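**Q** Going down the list, the sequences are from chains Z and V.
Taken in order, the first sequence gives residues 1 to 150; the numbers are from my numbering.
Taken in order, the second sequence gives residues 1 to 227; the numbers are from my numbering.
Among the clues, some could well be false.
Claimed, not checked - Below, in silico cross-link-like pairs of lysine-lysine (DSS-like), each with a Cα-Cα straight-line distance of 30 Å or less: (1) V/K38 <-> V/K65; (2) V/K205 <-> Z/K30; (3) Z/K30 <-> V/K123; (4) V/K123 <-> V/K51; (5) V/K105 <-> Z/K30; (6) V/K165 <-> V/K55.
What the hints contain is simulated information worked out from the structure, not anything from laboratory work.
Please read all numbers here as calculations on a predicted model, not as lab measurements.
Below are the chains, spelled out letter by letter.
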Amino acid sequence: MKKLLLVAVASFCLSVVMKANNADLFSYDKNAVNTELSDLQTLEEYVNSNPGVTLTDLQLNSNQLVSELNMDANTFGGLLASFEPPLGVPSFVWGCVFGVAGIAIVYFVADDKEETKKAFKGCVVGALVYTVFYVVYVVAIVSTASTTTY
Amino acid sequence: MKNIFIITFFLVLTTKGASAQNFYRITGDFSIKGKSEKSSQLVIGRFYYDKNQGKIIHENSFPEKETWVTSDTNLYKVVNNAIVQRQTIPNFNSFSIYHLVLSNKLSNFGLEGSVFTLENVEKEKDMVISTWIPNAKFKNLYGKVLLSTKNNNLIGIIFYNPEGKIVKKQFFEEYGLYNGIAFPGKVIEIVFVNDKEIYQVTTYKNILVNDTREDYKYYFNPSDYKH
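With the hints as constraints, model all of the structure from the sequences given.
**A** This is how it looks when you write it as structure tokens:
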């Protein structure tokens, strides 16, 4: 009885600690973010103070703010295309759910061979899963039909 | 007795009017600042979204003057009144922050009714934290998602991969109230890649809800543009 009580108390304490950890996860180092993006913040303030200026204008004038940053003018594919799959959806899912179209999206947007391979694997897996479900479905229908009496 | 009836009648009328208010379009200034190992990016412009049109329009002024439009399964890039680029994408407009805010679904990030199921809700410190898990079919593709809210405003999301590792965090801060709609003034995104953290900060200002000026800016018809 004593051991049972001890286990119950230990479990309760553990669950309290685990629950408290969830709230702690919702935090981040604001200083680290501000420091990392401080030069972009300065550039943003400059651009807002000079309406109409473009990156090309600044590069042509050898503006110091942009010369120190490796600015990506081609923003169409998204900033994190090389690290994050398109729209945050895993490349595997793109291929699995959207088939060939998904592979094309990853290829054009992510422009990353490794991500495209993952999308292709997803497409193959998706096709296999679909085939398995289809076979199971057909077998179920056939067996139901054969056992039904009229 | 007559006065009570009149007062009650007007109370019911105004209540019905308030609940029937339809938030259907939103616009505002935005900026995106982000860095990866390879490059830095700053995008500044103004967004337009009308729920009835279903098109998200970003008029960018920096780095270059161009307009991005997501319409159905198309992503267009428009420069000098000509469509210069087009990509096919899934229709994710209904999961955009603009649509979620107008539909009053930002507090659960649109997870309700999606491939995720609510597993647990608990109150911790001053937050309500909900845990969402993917349906069985998607357990190998997605990990769980944790949402935290304060006063019914979404303040944080944590995305896990199927192996239980945190892959992304988003924080929603500096909420403002616009015509009765709460919209965050800042969204901080942290992506965890190879034990490193990649930051992206999006800011929103000058938000207008259901504004009928510049009506044409919420519409997009590809046939109106040169190709």
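**Q** Tell me the numbers of any earlier hints that the structure contravenes, in ascending order.
**A** 4 and 6
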